[in-house]
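So the protein lines, in turn, are chains A and B. Its first residue numbered 1, the first sequence is counted upward by one per residue in the working numbering. Its first residue numbered 116, the second sequence is counted upward by one per residue in the working numbering.
Source of the hints: derived by calculation from the structure; they are not laboratory data. As the structure is a prediction and not an experimental result, all values here were calculated from the model. Any given hint might turn out to be false.
As the list claims (entries may be wrong) - Computed cross-link-like contacts, BS3-like style, restricted to lysine-lysine with a CA-CA straight-line distance of at most 30 Å:
{"id": "1", "chain 1": "B", "residue 1": "128", "chain 2": "B", "residue 2": "167"}
{"id": "2", "chain 1": "A", "residue 1": "3", "chain 2": "A", "residue 2": "54"}
{"id": "3", "chain 1": "B", "residue 1": "145", "chain 2": "A", "residue 2": "3"}
{"id": "4", "chain 1": "A", "residue 1": "54", "chain 2": "A", "residue 2": "110"}
{"id": "5", "chain 1": "B", "residue 1": "128", "chain 2": "A", "residue 2": "52"}
{"id": "6", "chain 1": "A", "residue 1": "69", "chain 2": "A", "residue 2": "52"}
To be verified - Stretch by stretch, here's where chain B covers chain A in the computed footprint (C-beta under 8 Å, at least three residues):
{"id": "7", "region": "7–15"}
{"id": "8", "region": "65–71"}
Note that beta-carbon positions come from the ideal geometry of N, C-alpha and C, so glycine has one too.
These are the residues of each chain, in order.
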Amino acid sequence: LAKTTQPISMDSYEGQEVNITCSHNNIATNDYITWYQQFPSQGPRFIIQGYKTKVTNEVASLFIPADRKSSTLSLPRVSLSDTAVYYCLVGEPLPNSGGYQKVTFGTGTKLQVIP
Amino acid sequence: DAGVTQSPTHLIKTRGQHVTLRCSPISGHKSVSWYQQVLGQGPQFIFQYYEKEERGRGNFPDRFSARQFPNYSSELNVNALLLGDSALYLCASSLRLGGSSYNEQFFGPGTRLTVL
Chain A
1 LAKTTQPISM DSYEGQEVNI TCSHNNIATN DYITWYQQFP SQGPRFIIQG YKTKVTNEVA
61 SLFIPADRKS STLSLPRVSL SDTAVYYCLV GEPLPNSGGY QKVTFGTGTK LQVIP
Chain B
116 DAGVTQSPTH LIKTRGQHVT LRCSPISGHK SVSWYQQVLG QGPQFIFQYY EKEERGRGNF
176 PDRFSARQFP NYSSELNVNA LLLGDSALYL CASSLRLGGS SYNEQFFGPG TRLTVL
């Protein structure tokens, strides 16, 4: 099973760009990398997903090097409302026979945005 | 469109009791997964159901069971509650089960279970 390693916590000032790096040395060929955001007492919310190189959407960018053993979530110009826990996940491969999609969350990175 | 809904939002039980948690997936989603999130930790996978069949199970004891109904809603049952079962129980739905790409899961707000 592919495991992920992230910093436990990070602090950033409002308006700064925040980069959270995740290590996933045992990522499998068919695995995708996905990031979720979670506020206290709420369910996780999908942020971005990628397989390789760079992916950008309206809220974040995801950088994945060629070896795919790590990935970096980039949040541009964070605000106080971005204070949350961010989880990096590696998608379990799905067998052709119809396996299941087991999602493995790590401990996440607690981002604190400071005024 | 309504998101994933869960009921109840909060629940207090005593050790040894039984609990049933309910989840309604997003309309059109056929897969439902259950997760347990203990305070300070990431969610831990319990079950995944697709088309009313159990397709995956995490490392949880047999006291935990679930089922999915014809309308794709789901119930999680926990018997003989222990203090350690106190957690936020999250339900997530997704459109399909398989495929070559990651299948995004949409999470509900969770049910906060407290076992005294």
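Results of checking the hints against the structure:
Annotation: proposed proximity of residue 128 of chain B to residue 167 of chain B holds, straight-line Cα distance about 28 Å (limit 30 Å). Among the hinted pairs, residue 3 of chain A with residue 54 of chain A is consistent with the structure: their alpha-carbon atoms are about 21 Å apart, no more than 30 Å. Of the supplied pair hints, the one linking residue 145 of chain B and residue 3 of chain A holds, its CA atoms being roughly 27 Å apart against a limit of 30 Å. Pair hint residue 54 of chain A plus residue 110 of chain A holds up; C-alpha atoms about 23 Å apart against a cutoff of 30 Å.
With a C-alpha separation of about 46 Å, the suggested pairing of residue 128 of chain B with residue 52 of chain A is violated against the 30 Å cut-off. Of the pairs offered as hints, the one joining residue 69 of chain A and residue 52 of chain A holds, with about 10 Å between alpha carbons and a cut-off of 30 Å not exceeded. For the region 7–15 of chain A, the proposed coverage by chain B is not satisfied: 0 residues have a C-beta within less than 8 Å of a C-beta in that chain, short of the threshold of three. Counting residues of the region 65–71 of chain A whose CB falls under 8 Å from any CB of chain B gives 0; the rule of at least 3 is not met.
Hints 5, 7, 8 from the earlier list are contradicted by this structure; the remaining hints agree with it.
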